[in-house]
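Trainee: These protein sequence lines map, in sequence, to chains A and B. Residues 1 to 244 in our numbering are what the first sequence spells out, letter by letter. Residues 1 to 244 in our numbering are what the second sequence spells out, letter by letter.
To be clear, the hints were calculated from the coordinates, so they are not data collected in a lab. Any given hint might turn out to be false.
Calculated pairs, PhoX-like style, for lysine-lysine (alpha carbon to alpha carbon, straight line, at most 25 Å) [as the list claims (entries may be wrong)]: (1) B:Lys152 <-> A:Lys152; (2) B:Lys38 <-> B:Lys21; (3) A:Lys21 <-> B:Lys21.
Residues from chain A that keep clear of chain B, each with C-beta distances beyond 12 Å, as calculated [stated by the list, open to error]: (4) Arg24; (5) Asn63; (6) Gly71; (7) Asp95; (8) Glu153; (9) Gln207.
Partner residues are not named here, just some residues of chain B that face chain A (Cβ under 10 Å, in silico) [as the list claims (entries may be wrong)]: (10) Phe37; (11) Val74; (12) Leu86; (13) Ala189; (14) Val195.
Ideal placement from N, C-alpha and C gives every residue a C-beta, glycine not left out.
There are 2 protein chains.
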Amino acid sequence: MDTEFDSALARKLNSFVEMSKDERGILVDLQSNRITFKRGQALIEQGQAAHEAFFLQSGWGCNFKMLPDGGRQVIRFPIPGDCIGLRSILLRTSDHSCSALTDVVVAAVEAPRMLEIMNKYPRLGAAFLWSVSQDAAMVVEHLVSIGRRSAKEGLAHFILELTERLKLVGLATEAQFEHPLNQSIIADALGVSEVHVNRILRELREQNLLTLREGKVNILDLSGLQKLAGYRSLQIGRDKIDYA
Amino acid sequence: MDTEFDSALARKLNSFVEMSKDERGILVDLQSNRITFKRGQALIEQGQAAHEAFFLQSGWGCNFKMLPDGGRQVIRFPIPGDCIGLRSILLRTSDHSCSALTDVVVAAVEAPRMLEIMNKYPRLGAAFLWSVSQDAAMVVEHLVSIGRRSAKEGLAHFILELTERLKLVGLATEAQFEHPLNQSIIADALGVSEVHVNRILRELREQNLLTLREGKVNILDLSGLQKLAGYRSLQIGRDKIDYA
DNA sequence: CGACGCTTTGACACAACTCAACAACCGTGG
DNA sequence: CCACGGTTGTTGAGTTGTGTCAAAGCGTCG
Numbered sequence: 001m002d003t004e005f006d007s008a009l010a011r012k013l014n015s016f017v018e019m020s021k022d023e024r025g026i027l028v029d030l031q032s033n034r035i036t037f038k039r040g041q042a043l044i045e046q047g048q049a050a051h052e053a054f055f056l057q058s059g060w061g062c063n064f065k066m067l068p069d070g071g072r073q074v075i076r077f078p079i080p081g082d083c084i085g086l087r088s089i090l091l092r093t094s095d096h097s098c099s100a101l102t103d104v105v106v107a108a109v110e111a112p113r114m115l116e117i118m119n120k121y122p123r124l125g126a127a128f129l130w131s132v133s134q135d136a137a138m139v140v141e142h143l144v145s146i147g148r149r150s151a152k153e154g155l156a157h158f159i160l161e162l163t164e165r166l167k168l169v170g171l172a173t174e175a176q177f178e179h180p181l182n183q184s185i186i187a188d189a190l191g192v193s194e195v196h197v198n199r200i201l202r203e204l205r206e207q208n209l210l211t212l213r214e215g216k217v218n219i220l221d222l223s224g225l226q227k228l229a230g231y232r233s234l235q236i237g238r239d240k241i242d243y244a
Numbered sequence: 001m002d003t004e005f006d007s008a009l010a011r012k013l014n015s016f017v018e019m020s021k022d023e024r025g026i027l028v029d030l031q032s033n034r035i036t037f038k039r040g041q042a043l044i045e046q047g048q049a050a051h052e053a054f055f056l057q058s059g060w061g062c063n064f065k066m067l068p069d070g071g072r073q074v075i076r077f078p079i080p081g082d083c084i085g086l087r088s089i090l091l092r093t094s095d096h097s098c099s100a101l102t103d104v105v106v107a108a109v110e111a112p113r114m115l116e117i118m119n120k121y122p123r124l125g126a127a128f129l130w131s132v133s134q135d136a137a138m139v140v141e142h143l144v145s146i147g148r149r150s151a152k153e154g155l156a157h158f159i160l161e162l163t164e165r166l167k168l169v170g171l172a173t174e175a176q177f178e179h180p181l182n183q184s185i186i187a188d189a190l191g192v193s194e195v196h197v198n199r200i201l202r203e204l205r206e207q208n209l210l211t212l213r214e215g216k217v218n219i220l221d222l223s224g225l226q227k228l229a230g231y232r233s234l235q236i237g238r239d240k241i242d243y244a
């Protein structure tokens, strides 16, 4: 069933609305302009005008926001199949930065092209709206995590959500995945200090819930973690919408 | 310039793309089905299927998420001109609840109708995508507030952002506005305890930065607050996008 | 080998939470 | 009219989660 052109993006959007051949063609075309970024390079800089959106093909990204005092809040870690900077295009300027956490391959699309496509292919426009909505929902969940969960619960939740997202694109098994995250960046994602992340990881390890080392996460006790985190599945792409 | 039909919604979307007469007509039509909710009533229930979106005409709403342990995280307080539940329509089911913080008047639009309109009027679809993006950007800012600001900084930021939003729809002056918020709900918005909000409010009062009582906020020292919060203006609707 | 990035640990400080009590302000009903 | 419960705001005392600072361990790589 999979062909070279059946991209992660197409699979993702197709889970929202069934797409026509034309629309599939556009999606293939959209992703023709491949660019590589080295680990650490910036794809998007906070405060700058947004010229293009990216569709991540391989590797990990990191969306974050810097504060005047030097603090950093990680908003999201884009993984293959995710859009980067789509929101920024609409808002004209980027409210956050995005950098490559590993070497990454992206497809770049100029802003005017994106707008033109949304105009000509409203169903694709709706699919992008859906995708942006999904991302927004995850940010909301992240907000809940930081606002109303302890650091330990939040970390458990973070790992569970990441596992599920990675599983959707075939980058995680039920119980483990590889990642480029260090304790410092996890701290900035959870809004706690690096030292505290270390302590929490030790606790989770000692309670045989999960291990995180050498770029690998092993989930030792899934139901225990879910209970700790109060986790509910993402429930993506259950059934398609009846879109005229 | 303003007519009866030049709604807050139309004004808001028009700041993204210049709209045709047809499109304006659709927006008027969209908002014909007015419904009133009493204070405390639920507009949207977390976990339920989303049948309709609402455009808030008057009053305050409250978007929030409940946790299994009874905790509550407020995501956003919709004010007149805001969309409620647009994201939920796309995602089929609501990931959060929304209740009326005061008596409210909304315009209700059935989900299929929204989808139909996005299909027929791609420019309106893009405008809605823009609106959802804006909301998402505010949630991100909220995330930063909770994750990387102290409770005091966060509260200052919260008040400043609210003031700016209210000013856009004529519900706040430079230095004050009325509101239906109590300390408990502010606590759930900032992710801290009710008691702590009280103490922080006292500090802000004692430092002559702001007062909040009897449903009224008075900003006593704008630049002092901005400095404390590390606040940057929302920068909405600077100039319109060149949308073909 | 030394330098560097990342992790781990300890000691201490502080922000924020919990529990508890009380005050002020309603609207309601006897 | 006052007594009453309910809601919201205020304050204090003690506890706990998390932050800060500092030091050391341990890989990797030039």
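Trainee: Decide, hint by hint, whether the structure agrees.
Mentor: Against the structure, the hints:
1. B:Lys152 <-> A:Lys152: Holds - the C-alpha atoms of lysine 152 of chain A and lysine 152 of chain B are around 24 Å apart, at most 25 Å.
2. B:Lys38 <-> B:Lys21: violated, 34 Å
3. A:Lys21 <-> B:Lys21: violated, 33 Å
4. Arg24: Since the minimum Cβ distance to chain B is about 18 Å, arginine 24 of chain A lies beyond 12 Å and the statement holds.
5. Asn63: violated, 9 Å
6. Gly71: Violated: least Cβ distance 4 Å, not greater than 12 Å.
7. Asp95: It is violated; aspartate 95 of chain A is separated from chain B by about 5 Å at its closest Cβ, not greater than 12 Å.
8. Glu153: violated, 9 Å
9. Gln207: holds, 19 Å
10. Phe37: Given a least distance of 22 Å, the restraint on phenylalanine 37 of chain B is violated.
11. Val74: holds, 9 Å
12. Leu86: Interface hint status for leucine 86 of chain B: holds (8 Å vs cutoff 10 Å).
13. Ala189: Alanine 189 of chain B check passes; min Cβ-Cβ to chain A is 8 Å, inside 10 Å.
14. Val195: violated, 16 Å
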